[in-house]
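Chains as they are written, first to last, in the numbering used here: chain Z, 19 to 397; chain R, 19 to 397.
Think of the hints as simulated: they come from the structure by calculation, not from any bench. Some hints here could point you the wrong way.
As the list makes no split between identical chains, a pair holds if one copy fits it or if it spans any two.
Here are the simulated lysine to any residue pairs, SDA-like style, with alpha carbons at most 20 angstroms apart [what the hints assert, rightly or not]:
#1 LYS132 with GLY116
#2 LYS132 with VAL70
#3 LYS248 with GLY116
#4 LYS132 with VAL203
#5 LYS132 with VAL148
#6 LYS248 with SER115
#7 LYS132 with HIS73
#8 LYS248 with LEU218
#9 LYS318 with GLN170
#10 LYS333 with ASP139
#11 LYS132 with SER57
#12 LYS132 with LEU151
#13 LYS248 with TYR171
#14 LYS132 with THR258
#15 LYS370 with ASP205
#16 LYS48 with GLU236
#17 LYS248 with GLU41
#18 LYS333 with LEU377
#19 LYS370 with GLY331
#20 LYS48 with THR365
#21 LYS248 with VAL70
Number of protein chains: 2
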Amino acid sequence: MVLAYLVAAGMSRIGRREETSRELVVEAFKEVLDAVDPSSIEAIYVGVQSEVYEHQIMYGALVAEALGLLPKEAYRVEACAAAGALALHNAVMAVRSGLVDVALAVGVEKMTAKSTEEVTDALMAASDIVDQLSGVTIPAHYALIARRYMRQYGATEEDLCAVAVKNHRHALENPKAHFRKAITVEDCLNSKPVATPLKLYDSAPISDGAAVAVVASERAARRLTDTPVKILASAVATDTLSASQRDDMTWPAAVWEAAQRAYRQAGVGPGDVQVAEVHDAFTINEILMYEALGFAERGKGYLLIREGQTYIGGKIPVNPDGGLKARGHPIGATGLAQIYELYLQLTGRAGKRSTNAELGIAVNEGGVNSTAVVHILAV
Amino acid sequence: MVLAYLVAAGMSRIGRREETSRELVVEAFKEVLDAVDPSSIEAIYVGVQSEVYEHQIMYGALVAEALGLLPKEAYRVEACAAAGALALHNAVMAVRSGLVDVALAVGVEKMTAKSTEEVTDALMAASDIVDQLSGVTIPAHYALIARRYMRQYGATEEDLCAVAVKNHRHALENPKAHFRKAITVEDCLNSKPVATPLKLYDSAPISDGAAVAVVASERAARRLTDTPVKILASAVATDTLSASQRDDMTWPAAVWEAAQRAYRQAGVGPGDVQVAEVHDAFTINEILMYEALGFAERGKGYLLIREGQTYIGGKIPVNPDGGLKARGHPIGATGLAQIYELYLQLTGRAGKRSTNAELGIAVNEGGVNSTAVVHILAV
């Protein structure tokens, strides 16, 4: 089997930034320059959610120019918040196709120059227009899921908040995180409502940021680095956009499907995973991810966080960088921010938040789990 | 070398349509159902320009659902008007990577529900925001190129109009074209100004439509069809978005670069091409494409149309379906509309507009030639 390798990764500081999207990409890219001679990059795939934030499309050529990489192949991939991991998936396909030897995956979003209302409207485009006409925003869709999950399985608002508490705790050791502030379950329960039962501290913030990953063929990887990370699996699956069309709204079918494909590609199972980066756009979704990745049985994911098993040092550490909740959630960048964290974890660069893991998984999704992207990496 | 094969193609009627984008995709997809069992499709790549037209992103999952193909891999690719050909390029990479056996490329755009002002604004996002702030619209950028080209090489407004006359003539035999009406050079010269020297009849229309292409590995292609078309080359290159940053605005450097790569991949040269589909968003651009594809020397492309050499029956027939100008230009669909035409031409399905070609080339571009995609197909 022709494998692809992750040979370097970079990330900007995440948060409320003054820089434009292209400047954030340049910041993230600088971090890979020790490992990679830019001239070796043959193709660039850029994950961006929305043209609205900067009134800009064509991010492929834009990024190629900003990085001094014209006239290389470059274009954009998109499935809302899954765009970042899709950029990596595209880079993996490009390398495995033999058409390019070294590819750059880029994820970026510049959101904070827009109002919360404008961002909510731009994100709402990730719902089927049919649902949009019914007035279901993205937070409302997650709120429906949370309510239904709690009723069906007995989870509580405290369990949801426990996810936020963990991710804020983890982010204390992440110098690039949007938030580095410990919170308590009470802080979360008392925070203002966003879409009841979800509160402000159940919700990932609106952030600016960029992340990049360099993917290479085996031959090129050997030339470029002594610490290549194997990309054992890269899988994508889809589900209906509309909340009303799913058999069970608490079950992220596309994530399950992508994870099953990824486990088959990699020849491993949930028990082999030592660290996970999952898509906690809202706290409820981290719990759903525990189940869809096979870390817990269906309907029992909330027990994992209740027992503290997903902290660093627990049975299966999840989001050691703080996740979307505390690291931040610049939409198009998020999937590659997850990969950046796995890269640090697997190559012994994670410092005080190290999990000592040698095999990790990342799940990035868009459109409330309607497009799921799962990667499995190992050293 | 692992080749990918085009095994089927479909296209909706192009024009001012009442249907939504997903309905247009279903219409185009019906045309491939004779050749392809939908269950054999493993991945879908969708080219769409803008989220503004239907307040919708996530076209991957949306299209997968509309075609009954959930939970297959599906996502969007974008580089403005090059999105359609990029969907094909992605499908080629997917098949060549060995990760999928059969992939579906989809291009679609639903534009006419918006006003001309809204469409112009959405397209302007394909310029670097720096140029947008200067007020340079996409038609204005092409107008600058036309003026400069005429001054530099001696072409006339009549030469530009001759491209429109040819493409309207060709579309008379295309039942799916947006316009089936012959025009004269005088009609064109007297049409109302869009961005002087470009007039209405120098300009591709705002259209709705969809096109699809099915790409398969050699093994799958043999199973699916007796008339597979070889995808000899699929190449992408980029140039600066900003008009002010190009050395010579009359030279489409990314198109030249993509064409050079494609000719190398295919092991052929311009003299081997028997039919071409080129990106005549404005008439001037068809002339630039003659030069960038190597059909004419730099600065001499206009002589080809002046001499009538790009008509069906001429030395090198260009846009036998009517091109963007007369077939129509639903932005994200255009690149695959070109591939649809090559498929018909190379498999003896082009009826009265047949060129009897066995090798053809297509060039699709976005952002005024800042992202170029070139495919070479042969039987």
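If the cutoff is 20 angstroms on CA atoms, where do LYS370 and ASP205 land: within, between, both or neither? Let me know, please. neither (25 angstroms within a copy, 73 angstroms between copies)
Tell me, please, which holds for LYS132 and VAL148 at an alpha-carbon limit of 20 angstroms: within, between, both or neither? Between. Shortest inter-copy distance 18 angstroms satisfies the 20 angstroms Cα cut-off; intra-copy 25 angstroms does not.
Alpha-carbon proximity between LYS132 and HIS73, which holds within one copy, between copies, both or neither at 20 angstroms: Both: 11 angstroms inside a chain and 17 angstroms across chains, each within 20 angstroms.
Is it within, between, both or neither when you check LYS248 against LEU218 at 20 angstroms Cα-Cα? neither (37 angstroms within a copy, 54 angstroms between copies)
When Cα atoms must be at most 20 angstroms apart, do LYS132 and SER57 count as within-copy, between-copy, both, or neither? Answer is neither; intra-copy 35 angstroms and inter-copy 42 angstroms both fail.
Treating 20 angstroms as the Cα threshold, decide for LYS318 and GLN170: within, between, both or neither. Result: close within a single copy only, 11 angstroms intra versus 72 angstroms inter.
Between LYS333 and LEU377, at a C-alpha cutoff of 20 angstroms, which is it: within one copy, between copies, both, or neither? Classified as within: same-chain Cα gap 14 angstroms, cross-chain 59 angstroms, threshold 20 angstroms.
LYS132 and GLY116: within-copy, between-copy, both or neither at 20 angstroms Cα: For LYS132 and GLY116, the Cα distance exceeds 20 angstroms both inside one copy (41 angstroms) and across copies (42 angstroms).
When Cα atoms must be at most 20 angstroms apart, do LYS132 and VAL70 count as within-copy, between-copy, both, or neither? both (9 angstroms within a copy, 16 angstroms between copies)
Identical-chain pair category, LYS248 with SER115, by Cα at 20 angstroms: Both ways: LYS248 and SER115 sit 16 angstroms apart in one copy and 16 angstroms across, limit 20 angstroms.
Could you place LYS248 and GLY116 in one of the four classes (within, between, both, neither) given a Cα distance threshold of 20 angstroms? Answer is both; intra-copy 17 angstroms and inter-copy 17 angstroms each pass.
For LYS132 vs VAL203, is the C-alpha pair at or below 20 angstroms within one copy, between two copies, both, or neither? neither (30 angstroms within a copy, 48 angstroms between copies)
When held up to the earlier numbered hints, the structure conflicts with 1, 4, 8, 10, 11, 13, 14, 15, 16, 17 and 21 and fits the remainder.
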